[in-house]
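2 protein chains.
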Amino acid sequence: MSDVVSALKSSLGERVRTDAATLEAHRHDSWVLSTLLDLEGRGYPSPQAVVVAQSTEDVSQTLRICREAGTPVIPFGGGSGVCGQIQTETDSVVLSTRGLDGLVELDDNNLLATFKAGTMGDLAEAQVQANGLTIGHWPQSIALSTVGGWVATRAAGQYSSGYGNIEDILFGLEVVLPDGSVLRTHATPRAAAGPDLRHLFMGAEGTLGVITEVTFSLRALPETVQGQCLHFPTFAAGLETIREFIRRGWRPPVVRLYDAPESYRHFSAHVSEGRNALVLVHEGPAALVDVQLAAIKEIAGQSGGEEASSAVVDHWLESRNRVPTFKELLSKGLVVDTIEVACKWDQVQSLYDEVVTSLNKVPDLRIASAHSSHSYRSGTNLYFTFVAKPKDSKDMADTYRECWRRTMEATIRVGGGIAHHHGIGRIRRDFLAQELGEAGLDTLRKIKSVLDPDGLLNPGALLPEK
Amino acid sequence: MSDVVSALKSSLGERVRTDAATLEAHRHDSWVLSTLLDLEGRGYPSPQAVVVAQSTEDVSQTLRICREAGTPVIPFGGGSGVCGQIQTETDSVVLSTRGLDGLVELDDNNLLATFKAGTMGDLAEAQVQANGLTIGHWPQSIALSTVGGWVATRAAGQYSSGYGNIEDILFGLEVVLPDGSVLRTHATPRAAAGPDLRHLFMGAEGTLGVITEVTFSLRALPETVQGQCLHFPTFAAGLETIREFIRRGWRPPVVRLYDAPESYRHFSAHVSEGRNALVLVHEGPAALVDVQLAAIKEIAGQSGGEEASSAVVDHWLESRNRVPTFKELLSKGLVVDTIEVACKWDQVQSLYDEVVTSLNKVPDLRIASAHSSHSYRSGTNLYFTFVAKPKDSKDMADTYRECWRRTMEATIRVGGGIAHHHGIGRIRRDFLAQELGEAGLDTLRKIKSVLDPDGLLNPGALLPEK
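In order, the protein sequence lines correspond to chains D and F. When you number the first sequence by the working numbering, it's gap-free, plus one each residue, and the end is 451. When you number the second sequence by the working numbering, it's gap-free, plus one each residue, and the end is 451.
I should point out that these hints are in silico values taken from the structure, not numbers from a laboratory. Please note: incorrect hints may appear among the correct ones.
[Stated by the list, open to error] Partial pick of chain F residues on the chain D-facing surface, computed with a CB cut under 10 Å:
1. Arg139
2. Ala176
3. Ser202
[Claimed, not checked] If you anchor each label on the Cβ, the simulated ranges turn out as follows:
4. F:Ala296 x D:Gly286: 33 to 41 Å
5. F:Arg430 x D:Ala418: 21 to 29 Å
6. D:Ala418 x F:Asp107: 33 to 41 Å
7. D:Gly286 x F:Arg430: 52 to 60 Å
8. F:Ser335 x D:Asn116: 19 to 27 Å
9. F:Asp107 x D:Pro309: 46 to 54 Å
10. D:Ala221 x F:Ser434: 45 to 53 Å
Yeah, the Cβ is synthetic: ideal placement off N, Cα and C, and Gly gets one too.
Model the full structure from these sequences, guided by the hints.
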């Protein structure tokens, strides 16, 4: 047992796990490449220890002890990240937040809920819903991710087009800084009191601190929920409809437009081949939902949109949180992943075309398709899916990297943003300079250097190697 | 002429002003205390020079030359700040952004407008409106402030309850860092690519960089605009109405509730003494405005709200951008200011009572009143006005400081936030540790130290002295 593990054990006792199964289970997150490397027998080594913190003080102590020893610390929530945010080395100590579990306070009057950071998303939402309220944040991973992980990765939920992303829902947070000190942001609905420090830790992917508590600004459960499905002759016609109804002031929370291949793949029972399905969920007062439904139907009609059975929406609602088991696909020799990027409205068609065209140049590519799932006044995201089946399974990792590289390069060429909501991790980090610019990346490195001078917090994630 | 002024002149020529009138006009912003000190003949000294930058490169050069010389640089936009963000010393160089003027690009399809940072707010809005669009950001100072100043101070506009504050409108920015390098944030509607660097400069009050260009995400001008005025027997009944209609999903852009003294002061022609007036402006598709008007009327009725003539709203719309001339009031011996703070819904009544009670202990206080002008799911702001007339005019500055101190202390006691939208400047900086916590303030100081190691950018603003 190393000195640092001894020191951790003498401070934290049983919260320090060194059994092989626990170590093995904390080597990486849900990144496809990590799973593939495991299958190929060249997975990452186990960390030295996994500390399952039970309190903010446990987190502080862990960071202090590891800093003293010069040991890297890898914060670990639900482990559902898909970009390689977590990857251990033999000297790593993993700091699991899963022992920081549960509702701290539910405040109906102020529409606030405070959770310990390791609370699983679905349980957090269920507790809030039991009181007639909702967080309104629905990542597909809701049953696999923690509320702290949502913040650390700058997550987006399926209801974002009306309710906003995690930055619009996060009211306050508690974070343990690399030196072990505890920062709690002030609990006010809005402040002009210097830079907003919540934004320093949102999206930092555990490189600047360990989030230990989060407070969300909630919503009351809506009076009415109403699905609506429209389908369009072209993807562009569907995009134009979304752009136009947002421009006019309509904001249904769920706005998802599938290209023709995906529409047919998911909704063939209700949508004819070649049509592009737009799935909308309206929520709110009945009077508002009524006028919004009618207005959007009319706007869609101007772009050749026709209404389909709302059974499409029911089907989506039922299956929306099914996270595919990549392991099974990988073991069949299929290289699969999704990649979300973002752009302005007038770039969407080029972004779609460029990425699909470039992906189709990958040998043995089977599928390259996309949908838009988060829309804004000035643009939208595209969520690509690719599937390839290399003839030689030894080429799977290379094929995987090539698909990503092509998508990132095409996105940059068009002027889009390389990451809409899954973060940077390791798969995108070499493209970060093009996203932030050299001055932006340099600013981020300076902040890292002054908050974590020894570079011990989640090294290798987010920031490219120099 | 000092060496640094010579160096600036040799690089920037006529853009470096040293005439007495220009220097005199750039000694401070619109903070009441600075004006009072001028009237008392103990105003701040003039700076060495005022650089009127015409380009981003001019800003870079100014920062590089001043850094080399160890000379403090004070960024200056419209000069409409009201918290002492600008205060010169004899060795200061003021960097005016007013030469960075005008629309760079208007992009109707993507609802985007890019302006140079020194563009005046009203002119920016007028250019956008001429194209059927709106920025939707209406600070009272719109004709006195620059678009870059809105971002540097984290401004809020009168239409914020529906359209959000500057952080919800800012799409991207260009900022010159203290070392003269230029950071441009990427132009995408949303990203999960590390901490959001826009939030580092929003609210930094010119201490971390000089904003040179801003891009806003616009809205189309609404199909319908409709005013509504309701009045309530108590301030609490009005607050409860706002809380409830936001909770149910209604979001009129303008939501302003005046306490009884202010209601009578502003709207006595239409609102009886003792009633608390709620001014709403609804905007959007006609169908949405119709149902929203009816729903809010019904919700208000449950708290004793009655509808008043919408002439109240017309009166507010006409007078809303009239900024009081404090100089005239000061010269009559009246100490006057407004202070905006924020809190959660269940703190509002205590915040109101504590501040008014505490202000009333100030000798010779004439007025202590408030309105709420920016509401959120989880709380609102309060915007206090105080007027005092000390018997001895020598006591004016002390009385001013006492009113502020009492308001800040009462706000902190109740658990509110010390600054909703005017920023910290000098009047609030000694309370910043209580707003951010020691770890928050320390984090901010560390970021400052690594980006501006010599502490030359707007020293004295935002951060308390050590």
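Q.
I'd like to know which numbered hints this structure contradicts. Please list them from smallest to largest.
A. Hint check: nothing fails, all pass.
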